[in-house]
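Chemist: Residue numbers (the working numbering), protein chains in the order written: chain A, 1 to 441; chain B, 1 to 441.
Among the clues, some could well be false.
When chains are identical, the list treats them as one kind, so a pair holds in a single copy or across two.
Result set (DSSO-like, lysine-lysine): computed pairs, CA atoms no more than 27 Å apart in a straight line [stated by the list, open to error]:
# : residue 1 : residue 2
1 : Lys160    : Lys215
2 : Lys175    : Lys138
3 : Lys329    : Lys263
4 : Lys110    : Lys259
5 : Lys59     : Lys215
6 : Lys329    : Lys259
7 : Lys110    : Lys215
Read the hints as simulated data drawn from the structure, not as lab findings.
2 protein chains.
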Amino acid sequence: MTQPPLEPEDRPRLSADELAALLDTLPPEELISELETLHPEDAAELLSRLPADVVHELKPGQKLLDVVEEFADDDAADVIARLNEDTQEFLLEELTEGETVEQLMAYDPKTAGGLMTTDIVTVRSGTNAGQAIEQIRKHAGEDGKSIFQVYVVDESNRLKGVLPLGRLVPLAPDKPVDAVMDEPEAVAAPNEDQELVARTMARYNVTAMPVVNDKGLLLGEITFDDVIDVVEAEQTEDLLKFGGMEALDTPYTQIQLGKMIQKRAGWLLILFISEMFTATAMGRFEGEIQRAVVLALFIPLIISSGGNSGSQATSLIIRAMALGEVTLKDWWRVAVRELPSGVTLGLILGAVGFLRISIWQAVGWYDYGPYHWRVAFAVGASLVGVVTFGGLAGSMLPFVLKRFGFDPASASAPFVATLVDVTGIIIYFSVASVVLSGTVL
Amino acid sequence: MTQPPLEPEDRPRLSADELAALLDTLPPEELISELETLHPEDAAELLSRLPADVVHELKPGQKLLDVVEEFADDDAADVIARLNEDTQEFLLEELTEGETVEQLMAYDPKTAGGLMTTDIVTVRSGTNAGQAIEQIRKHAGEDGKSIFQVYVVDESNRLKGVLPLGRLVPLAPDKPVDAVMDEPEAVAAPNEDQELVARTMARYNVTAMPVVNDKGLLLGEITFDDVIDVVEAEQTEDLLKFGGMEALDTPYTQIQLGKMIQKRAGWLLILFISEMFTATAMGRFEGEIQRAVVLALFIPLIISSGGNSGSQATSLIIRAMALGEVTLKDWWRVAVRELPSGVTLGLILGAVGFLRISIWQAVGWYDYGPYHWRVAFAVGASLVGVVTFGGLAGSMLPFVLKRFGFDPASASAPFVATLVDVTGIIIYFSVASVVLSGTVL
Numbered sequence: 001m002t003q004p005p006l007e008p009e010d011r012p013r014l015s016a017d018e019l020a021a022l023l024d025t026l027p028p029e030e031l032i033s034e035l036e037t038l039h040p041e042d043a044a045e046l047l048s049r050l051p052a053d054v055v056h057e058l059k060p061g062q063k064l065l066d067v068v069e070e071f072a073d074d075d076a077a078d079v080i081a082r083l084n085e086d087t088q089e090f091l092l093e094e095l096t097e098g099e100t101v102e103q104l105m106a107y108d109p110k111t112a113g114g115l116m117t118t119d120i121v122t123v124r125s126g127t128n129a130g131q132a133i134e135q136i137r138k139h140a141g142e143d144g145k146s147i148f149q150v151y152v153v154d155e156s157n158r159l160k161g162v163l164p165l166g167r168l169v170p171l172a173p174d175k176p177v178d179a180v181m182d183e184p185e186a187v188a189a190p191n192e193d194q195e196l197v198a199r200t201m202a203r204y205n206v207t208a209m210p211v212v213n214d215k216g217l218l219l220g221e222i223t224f225d226d227v228i229d230v231v232e233a234e235q236t237e238d239l240l241k242f243g244g245m246e247a248l249d250t251p252y253t254q255i256q257l258g259k260m261i262q263k264r265a266g267w268l269l270i271l272f273i274s275e276m277f278t279a280t281a282m283g284r285f286e287g288e289i290q291r292a293v294v295l296a297l298f299i300p301l302i303i304s305s306g307g308n309s310g311s312q313a314t315s316l317i318i319r320a321m322a323l324g325e326v327t328l329k330d331w332w333r334v335a336v337r338e339l340p341s342g343v344t345l346g347l348i349l350g351a352v353g354f355l356r357i358s359i360w361q362a363v364g365w366y367d368y369g370p371y372h373w374r375v376a377f378a379v380g381a382s383l384v385g386v387v388t389f390g391g392l393a394g395s396m397l398p399f400v401l402k403r404f405g406f407d408p409a410s411a412s413a414p415f416v417a418t419l420v421d422v423t424g425i426i427i428y429f430s431v432a433s434v435v436l437s438g439t440v441l
Numbered sequence: 001m002t003q004p005p006l007e008p009e010d011r012p013r014l015s016a017d018e019l020a021a022l023l024d025t026l027p028p029e030e031l032i033s034e035l036e037t038l039h040p041e042d043a044a045e046l047l048s049r050l051p052a053d054v055v056h057e058l059k060p061g062q063k064l065l066d067v068v069e070e071f072a073d074d075d076a077a078d079v080i081a082r083l084n085e086d087t088q089e090f091l092l093e094e095l096t097e098g099e100t101v102e103q104l105m106a107y108d109p110k111t112a113g114g115l116m117t118t119d120i121v122t123v124r125s126g127t128n129a130g131q132a133i134e135q136i137r138k139h140a141g142e143d144g145k146s147i148f149q150v151y152v153v154d155e156s157n158r159l160k161g162v163l164p165l166g167r168l169v170p171l172a173p174d175k176p177v178d179a180v181m182d183e184p185e186a187v188a189a190p191n192e193d194q195e196l197v198a199r200t201m202a203r204y205n206v207t208a209m210p211v212v213n214d215k216g217l218l219l220g221e222i223t224f225d226d227v228i229d230v231v232e233a234e235q236t237e238d239l240l241k242f243g244g245m246e247a248l249d250t251p252y253t254q255i256q257l258g259k260m261i262q263k264r265a266g267w268l269l270i271l272f273i274s275e276m277f278t279a280t281a282m283g284r285f286e287g288e289i290q291r292a293v294v295l296a297l298f299i300p301l302i303i304s305s306g307g308n309s310g311s312q313a314t315s316l317i318i319r320a321m322a323l324g325e326v327t328l329k330d331w332w333r334v335a336v337r338e339l340p341s342g343v344t345l346g347l348i349l350g351a352v353g354f355l356r357i358s359i360w361q362a363v364g365w366y367d368y369g370p371y372h373w374r375v376a377f378a379v380g381a382s383l384v385g386v387v388t389f390g391g392l393a394g395s396m397l398p399f400v401l402k403r404f405g406f407d408p409a410s411a412s413a414p415f416v417a418t419l420v421d422v423t424g425i426i427i428y429f430s431v432a433s434v435v436l437s438g439t440v441l
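Excised from the complex, chain A in its bound form:
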């Protein structure tokens, strides 16, 4: 006697590690047969994490249809959107839920509409608890695992209220649902950005949130598992952007070398070309360097300190903006805080820099020449200016980007450092010119 094959929903789930291992070892051509043995959620996840070019190659066919047939409608929409046109057409034609999936695909995948499922339990206003439970039974058969709440609607499908299962269960069967349902407090519009959706669900601690159009009609629901995925994806995007590159659409281990280089080369070139202004700025001070080479020794130290101070300030503000703690109108309040912070931090680094030069000179580890006191003072004073400027520029950059309609998270650490480098050189040589005037300069 052989074991009958497990129903798709009953297959064991893979752990994150097992899934990663599968992605690592699976040759794309064996993909479809492998997918048939997985839990539908895992199969959908695996497909979504494959490189774009592999997914694009998938051919129309019964096997693929069988796999996608088991997906939730929102997962199906996400996967099908990445296939080639022929395969898309075939699946949308053949799938039982093809029409629904096609409707979901019309929404921008980064909005509430793109995240929602239409597979929900609704009951008419006026229904009693017993009838609602009957409705769940019909909808779910034996497996209502992913039903968390029931939506109460009027005769035109306008959303009236939300009834969490934990509140429905204890009710006497003849109790009307309207008496115990919650007002729909947390609701998403179909074109609402996914980040806002995630934030709202986290704030209201809801497992699922209804999506309602501007006429009040109930379209579907977003469940918490999609939101966790969104939060993770946004987190990746923000960190990579802050690191100074475009976000990848494929995991690091999966992406083709050429694609990855492409994603990195763009920003690297922009930063490089901007940083060329340092050569221009230094060129203007070639005479000063010629007369006091000792000044050149401290250029990397000084400009990098400005960049570091700026990088700190930028990461603070990007995060405070993402969490809604700071908005555009707060720029002045932030500037007023960053100024004294910058001066204080600059004074600390300036003092250390001054001591470093003085001690090396006193002990005899290096000879900074006859005007070493002045050199030490010029370095220390420049550090105050550069660190202060770095903090101010770094904190204001996200505001400027946001003001002009860009993503404030584009203000990467390398971007800020580049901005501050040019200014740092000008500050340093200007201070040095004053401090050393009448001596070497």
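We have chain A; now place chain B onto it with these hints.
Modeler: Then chain B, alone, in the frame of chain A:
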């Protein structure tokens, strides 16, 4: 006739913006009266976001007791842990759930034990569906909003299975729960790190996850809303660390200026002191700079390109590690990918750098001296070396940190840049010495 006051659970929830506005405008002394008017979840959230020193000042008293009495036990434990000793003692003594809360406080707040609530519905193995629903009714009264599943245990409270409400509801009352419950697939140990807990819940798409000790006894459950908070907090910590500073424990707008400067000064000083090696490295090449000042002009351009390439590689690897795509043993595979990426990116920047110098010279915008071809070549060749080294160092640093037990996310952009700056200077002057030997050097 006056309206009777709303039950705490029925009070409207605040939006994220309203909560932020309240935090901005509320003087700490009016805090407690204000908390009494809020939904308990909002009150707990508000308390958790107040600056440590304000929370520490809260005095024992009936008002505070009334507020905390409404909290879920895990929220109460989190809040009480931040109070001063007298207030802690008072609350743990007076709270109805004081003993439970005290037990929860024994767990590290960053572990599964610290996140869990003990307020769950358990039924004995052998119970039928009707009895389980009766159990929910008893437990929840009229409001079971936060009940998502029922835990099935044996006579010693060992976890046997999990029964989601959506699966319980459609059952006939005499159906035994054991026949339809799920095997507990996703389970946390009490000392499991919260990041791992969040990742597991996201992978298995579970709304709530049981916490079970090493004897198999059920201790409590973690619900998805705590997990979203964890993911957000970790995201903040990672971005701030990557920006080169310690994570703040208070929102940017709330933290005292002195505290913020403290959080920034530490890393800024460490980076500054490391960056001093650039001055030492440059000192070794003072003679070369003296003879060919033109070389100094390109130092910021070259070293910053290495830092940028390193920052990209580091952000990629930190994120791939956080998502479990890359583990310690993958270092060699990563190195083998980063080498050709680095060389390619270096060749692109090197070519642009070479052209920049040649064009400026040809058009007459700057005079790089009689050996300008060699200078251009030295700059271009150094860029290949520095960008490659930056990518390699940036990608390997998280592995090195992890290998020695540090958080790989401590590999901040400024940290990588500092590492690469010193090496960049050495590479540049070494290449220049070879290329320009017999001419100016």
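Chemist: If the cut is 27 Å between Cα atoms, do lysine 59 and lysine 215 qualify within a copy, between copies, both or neither?
Modeler: neither (40 Å within a copy, 50 Å between copies)
Chemist: Given identical chains, is lysine 110 near lysine 259, meaning Cα to Cα at most 27 Å, within a copy, between copies, both, or neither?
Modeler: within (22 Å within a copy, 38 Å between copies)
Chemist: Are the CA atoms of lysine 110 and lysine 215 at most 27 Å apart within a copy, between copies, both, or neither?
Modeler: Cα proximity of lysine 110 and lysine 215: one copy only (22 Å, versus 44 Å across).
Chemist: One pair to classify: lysine 329 and lysine 263, alpha carbons no more than 27 Å apart. Within, between, both, or neither?
Modeler: between (33 Å within a copy, 25 Å between copies)
Chemist: Under a CA distance limit of 27 Å, which applies to lysine 160 and lysine 215: within one copy, between copies, both, or neither?
Modeler: within (13 Å within a copy, 47 Å between copies)
Chemist: As a check of your reading, is lysine 175 near lysine 138 (CA-CA no more than 27 Å) within one copy, between copies, both or neither?
Modeler: Answer is both; intra-copy 20 Å and inter-copy 17 Å each pass.
Chemist: Classify it for me, lysine 329 with lysine 259: is the Cα-Cα distance of at most 27 Å met within a copy, between copies, both or neither?
Modeler: between (39 Å within a copy, 24 Å between copies)
Checked against the numbered hints above, the structure violates only hint 5.
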